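> Residues per chain, in single letters:
Protein chains: 2
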Amino acid sequence: MSNLQKEETQNKKNVPSTKTSKKKKLGQTSWDLNWFTAIITFAVGIIIWFIPAPAGLDIQAWHLFAIFAATIVGLIAKPLPMGAVAITAITMTVITGTLPLRDALSGFSNSTIWMIVMAFFISRGFIKTGLGRRVAFFFVKHFGKKTLGLGYSMAATDLVLSPAMPSTTARAGGVVWPIILSLSRAYGSRPDDGTANKMGAWLHVTEAQCNAITCAMFVTAMAANPLCVQLAQSTVGIDITWGGWAIAALIPGIVSLIVIPLVTYKLCPPEIKETPSAHEFAQKNLDELGSVSNQEKIMIAVFFLILILWIGGTSWGISATTTAFIGLVVLLFTGVLSWDDVKKETGAWNTLIWFAALVMMATQLNTLGFIPWLSNGVAGSISGLPRQPALIILALVYFFSHYLFASATAHVSAMYGAFLAVAVAAGAPAMLAALLLGYISSLYDSLTHYAGGPSPVLFGAGYVSQGKWWTVGLVCGLINLVIWGVIGGAWWKVLGLW
Amino acid sequence: MSNLQKEETQNKKNVPSTKTSKKKKLGQTSWDLNWFTAIITFAVGIIIWFIPAPAGLDIQAWHLFAIFAATIVGLIAKPLPMGAVAITAITMTVITGTLPLRDALSGFSNSTIWMIVMAFFISRGFIKTGLGRRVAFFFVKHFGKKTLGLGYSMAATDLVLSPAMPSTTARAGGVVWPIILSLSRAYGSRPDDGTANKMGAWLHVTEAQCNAITCAMFVTAMAANPLCVQLAQSTVGIDITWGGWAIAALIPGIVSLIVIPLVTYKLCPPEIKETPSAHEFAQKNLDELGSVSNQEKIMIAVFFLILILWIGGTSWGISATTTAFIGLVVLLFTGVLSWDDVKKETGAWNTLIWFAALVMMATQLNTLGFIPWLSNGVAGSISGLPRQPALIILALVYFFSHYLFASATAHVSAMYGAFLAVAVAAGAPAMLAALLLGYISSLYDSLTHYAGGPSPVLFGAGYVSQGKWWTVGLVCGLINLVIWGVIGGAWWKVLGLW
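Protein chains in written order, with the numbering used here: chain A, 8 to 505; chain B, 8 to 505.
The reader is advised that the hints may include incorrect statements.
Which copy is meant is left open, because identical chains are indistinguishable; a pair holds if it fits in one copy or across any two.
As the list claims (entries may be wrong) - No farther apart than 27 Å at their CA atoms in a straight line, the calculated lysine-lysine pairs in the BS3-like style are these:
1. 153 / 351
2. 85 / 135
3. 291 / 273
4. 153 / 135
5. 85 / 153
6. 351 / 135
Simulated from the structure, these hints should not be mistaken for laboratory data.
Keep in mind it's a predicted model, so treat the numbers as computed, not measured.
Sequences are here, hints too, so could you generate the full structure?
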């Protein structure tokens, strides 16, 4: 056991040092701007702007589309970080006279945005109170006798936290990954001395895959999910509730979470199969955490409160956003979170800005007639196609096009609304299409090592080669598509979605 | 000169150590909640809620007033920090069914709020580039041969930065105060060894007084000024432009800035009157800063750009908010600010939250008929009074009631709208009343050592006793009232405001 303890101590030492180097990086005066991609981004906007508007489309709608297209290019090419691109987009809509200031700022009072912003604040409580770590060690203690069980323990931790932790970086990167690293090192598996495959490689790919699945399971499990909900509302006029999303995802999600670790266990087998000492390792860490603190108890209570309200609130007239506000207020009054924690939760403020800009543009594109014009046009041209193949083709193209994207948000903003509009115009049931494309918006996150969310952290740990990562990503991606398409399809038939 | 250098070095050492202790304080797990004031706050809301609504007033308006009153009590009694009180207020309006979620979140897309939030981001550039320090040393170099000149140099620094630096804590506390401390120590004036009156005491009270004056001079010089603008709009329906506010404040503001240091020089005379070595001290610091960097040049350019657009933009159709967005975008593209700087500017996010809650409630109180009901009622009861005395009495009561407040924001939220509505109902010209009460909302900040903004920092330095601080505050307050009332009154007559 002394070996485990030593490793754990080393790991602890290592984690703060990573933080320090990160801080240094943040502190330095860095010029964010990438000139080359900035020119491309503006060029796209300017070229579209000066192309004459297609017949039947208002010039204002066309100009807004030019700014929107440039924004999407900006989100992908990143001349500046996402939030700065969003601020620039808002500014451009106003100074070009495309939108009045009032409309340009309208996104900031969107209720979906405030649900996700509040969820970001609430999720800080899991980290601050140590509850996230405790959950992970609890699962390791009870299900970690074999290496396979360790993988499932990580998946279970991720799943348990996911409904109230929309920051995947915080969930997979902040809570789960440090424990994966501890476990790997404790069992002598390191990235660079030929021991990666003893355990670390398998744990890393498994968590990356399972995180993508948990992201798909709840509206609040990933920041871009509410964007899908919002786009579904503004594009095809359907309201996806928190509970509706979760129920439809339940069966395929659970099946995926059971199947995928078995698949990665075959594709990327750990050399160590039995881990009898993991129990002791987890117990030691649980002892260090001590008994469950009052703050953790409150955090658990708030977690269940918001879950219950999210699941049943719609029928009691309490919206998902109101629920999130209630959760934060309870955490503030009970001192689990201080106001200072809230102010410093930069991920939330970042999300507020980009989300507001994107939702504002999507809504205005619809109001000004661009989306109806587009979907009518496309629907006319594919009117001969049967509706099921159309949705399947769209879903596959949407899924695999993520090889081109480094963020779910950019991908959803660029394609979700248009693909959904086309699918519905081709005759697919609106709710089915909206949910399917919504789930894919998370599932594709595991395809590559740059796909967004936690993959850069998990890949960046260095346990897995790029070739291996992509192979696992492709195989698991195909299996996920089958599970969500076939088992999910059957489940959605039962639910009456088609 | 070696003495000056030594002191300067010591001071530099001291400043980071203050920061460290602050960080520690922020880092500790603190339970923000004050139970006693929380109970009072909720009790106020509950009692008003259950009082039957007065005749002629909708029950919804009365309930919103109950929540609003509790919020104001919360801002004053601070059971939790301001932002947390604001979040709670928003939540209460929704869960009590008083307002639909859509209305409760409407404040977040208010354009005045985003002007001030953007100005917070922009002002970070003064600190980050060192331009703020350079401006201060420039004035000390050229006008610091006598101690009186040092005081004016500090006032001038504060004035120059004020149009684009709404955080008084950043302006007076972050830029000016460290230099006051350097100068005081360099001249052997320390708070606790009987040397406070050599120089430090005078510099501290003078800066506190002059900061209150500069706060009054521009809409963007203090976070609560835009709140006045917004309340004037929603209460009596007048639009105060950025330029309109500044022009009306120009003459009384300049007179105050000339007179007040002379007054404090009498009330709190520095023992050292001549400071021939200050030139060298400033030069040394300027040498250390080096030549003006490109980032500072850009900051200067952006500063003038936004000033010009703020002054003349209304006639060119560019709103003050759009101007602030443009300023931030330029700073982001030129790398003066990184997106990380923006995300970490907690003062801006804090302002966004409390401002949105207050503006939302003020607007809804008006929409639901509470404000019209209130001002009609009061106007009826004071219909006999001549209009000039009514405004003067209201102004004096508004000014001196600040002895009861620890923040301009709380005071403005509690009284500005109601006092303005009453003044206008009593026959005072709306624009005159709105501006006068707006200026007073800054001028009263110098009355006490807890009045809000930078006074806790400047008083907290320990150079000035409470008795002295209050005496200077009262005398200068009365002189300011005379200057703004008489000279200001004449100037506003010239401008045609009455």
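> Work down the list of hints and note, for each, if the structure agrees.
Do the hints match the structure? See the list:
| no. | hint | in the structure |
| --- | --- | --- |
| 1 | 153 / 351 | neither (40 Å within a copy, 43 Å between copies) |
| 2 | 85 / 135 | between (32 Å within a copy, 24 Å between copies) |
| 3 | 291 / 273 | neither (31 Å within a copy, 69 Å between copies) |
| 4 | 153 / 135 | neither (30 Å within a copy, 53 Å between copies) |
| 5 | 85 / 153 | neither (43 Å within a copy, 53 Å between copies) |
| 6 | 351 / 135 | both (13 Å within a copy, 19 Å between copies) |
The structure does not agree with the numbered hints 1, 3, 4, 5 stated previously, though it agrees with the rest.
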